[in-house]
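Residue numbers (the numbering used here), protein chains in the order written: chain R, 446 to 773; chain Z, 867 to 1111.
No lab work stands behind these hints: they were computed from the structure. A few of these clues could be false.
[Claimed, not checked] Only part of the chain Z face toward chain R is listed, based on derived beta-carbon distances under 7 Å:
| hint | residue |
| --- | --- |
| 1 | A886 |
| 2 | D939 |
| 3 | C994 |
| 4 | F1021 |
| 5 | C1053 |
Bear in mind that the values here come from a model prediction, so they are computed numbers and not experimental data. Quick reminder that beta carbons are idealized off the backbone N, C-alpha and C, glycines included.
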Amino acid sequence: MSITIIKEGLLDTIQDGGRPGLAHLGIGPGGPLDPFSARLGNALLGNDLFAAQLELHVPAATLRIDDATFLVVTGAGQIPYIDGREMPMNQPFFAQAGSSITWSGTAGGRCSYLSFIGGLQADQWLGSAATNLRLPIPGLCGRALRRGDRIVFHASLPAFRNRDTGSVLPWTAAPPPAEPTPTLLFLPGHEWSRLPASSQAGLAAQPFSVTNQSDRMGFRLEGPAIHTDPSIQLVSSPVAAGTMQLLPNGQLIVLMADHQTTGGYPRVGHIISAQLHKLAQLPPGRNLVFAQTDLATADRIRARQDGYLLQLKNACTFRIQTVLNDAG
Amino acid sequence: MHATDTIDRRPHEVYPLGDAAACIDFGNAIDRQVNQAVHRLFRSLTEAPPPWVRNIVPAYSSLAVFYDAALIDRIATEDHPFAIVSRWIESVLNAMTHTEETQSRLVHVPVCYEDPFAPDLSELSDRCRLDKESIIALHTGRTYRVYMIGFLPGFPYLGDVDERIAVPRRNEPRLHVAAGSVGIAGCQTGIYPVDSPGGWQVIGRTPLALFDAGNSPPTLFQPGDEISFYSITAHEYHHHQRRTT
């Protein structure tokens, strides 16, 4: 049971829940750039929420499905086509052996996630299949997918001879609502209090835009210059995904999935983890605004999101089982 | 013993590093004793971590515990995740015994300080008004502490560099610094584990592999290790490389 890369894309990687437990060695956990869409894809197939899947940037790779499977596309990268036929996002569909997946257009964001029933069975390094391009290691954990790569998936399906390629399963999930200028909630960072009141106010009042210096490690933003006391010299300290670092030129960089584990720039804020996916999907040039929040609110939003994904996964696990039983 | 006590009891604060990590901070300092306290805490925290711990990251004078908030929600509903994590950090800190000064591992690191491995050594020599031999003698003349690992997988931040050779980073970072390059940045010295862009003043190169995906752990150094450098010739450098590849 496998898929094969027929034509490589710009930046297609295998991701799963990441590789915790090594950050003290300078090896961050990594994982999907957009953790919401990634988990949504797994939930729709009843998979473990962190099962291995593909993260496909624009333009995305052409794939051949070597063995029959159910799959789903989530996220906001390109729109999937199977054997030339456009498929919906956020709704699982069937693919017979030998069908091919191509991509076109855009759903308005940066990357899509292609999830397979049962999850991918990719090579692991230290307990995770997640690709981290910072890791100097051989194999798919250390590089993007190339033409000819073959990736195995877990599930072996019962005979579905009568099911057509592209036939959808009767459930879907509503994608996150599109916001023309998303508002990102942030928690004040440790150095927030050192910003003058004017800079604190400016951060919340004016829009920032995503620059093209943005990748899986971090997104550089462009906006009103934020001034801080230049005499502040910080020794390096831990940083997290979502940490908003203030660069010496007064601009912000937000750390993303493959970020460094430590940093010496002022940590003026942290985007709340349940909303980092909104930034993750913003292409260069798009605007966003920041709004300050508190930890209790961040926890509440995260718990609601986690609860939604878990419920969806449980419901879909049941439905998928019914579909498989009916076939047998 | 009492002196050690005061270090671990020194003032600190625990603050949220976003909504998925708690950071305990002993003050913004590059200080051997403070860093030893950080690493004693690191070792104590890693002895029997609760299942919701994802990462524990020690730095110069602070340490962060990354947690799985959803898992905490499931097993401990009486309080917010950050409060539970902070209390755990404080309780481990309070329960630490301060009698022993744990043995650090000492790693001897061969470095070739010759061209072409030392592109910034001449400039350093001019700047510090010291000949190359004196710079090498000062760099190899002391034991350094791995204050923390960061920046790149396995990159050790080592200190403290003799102030006579403690030059700041290059104004223009290099786009390519070779793996094994040994650099100086202020009072810190460090080794690039992999090819990378970088701004440290490169004064030599080690043939040792700092990162090996097949090893467990994959990095040569651990936070809290001690390192001493010794000078080798280009011939010895190449001999060592041939032996290991």
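Evaluated hints:
| no. | hint | verdict |
| --- | --- | --- |
| 1 | A886 | holds, 5 Å |
| 2 | D939 | holds, 6 Å |
| 3 | C994 | violated, 22 Å |
| 4 | F1021 | holds, 6 Å |
| 5 | C1053 | violated, 10 Å |
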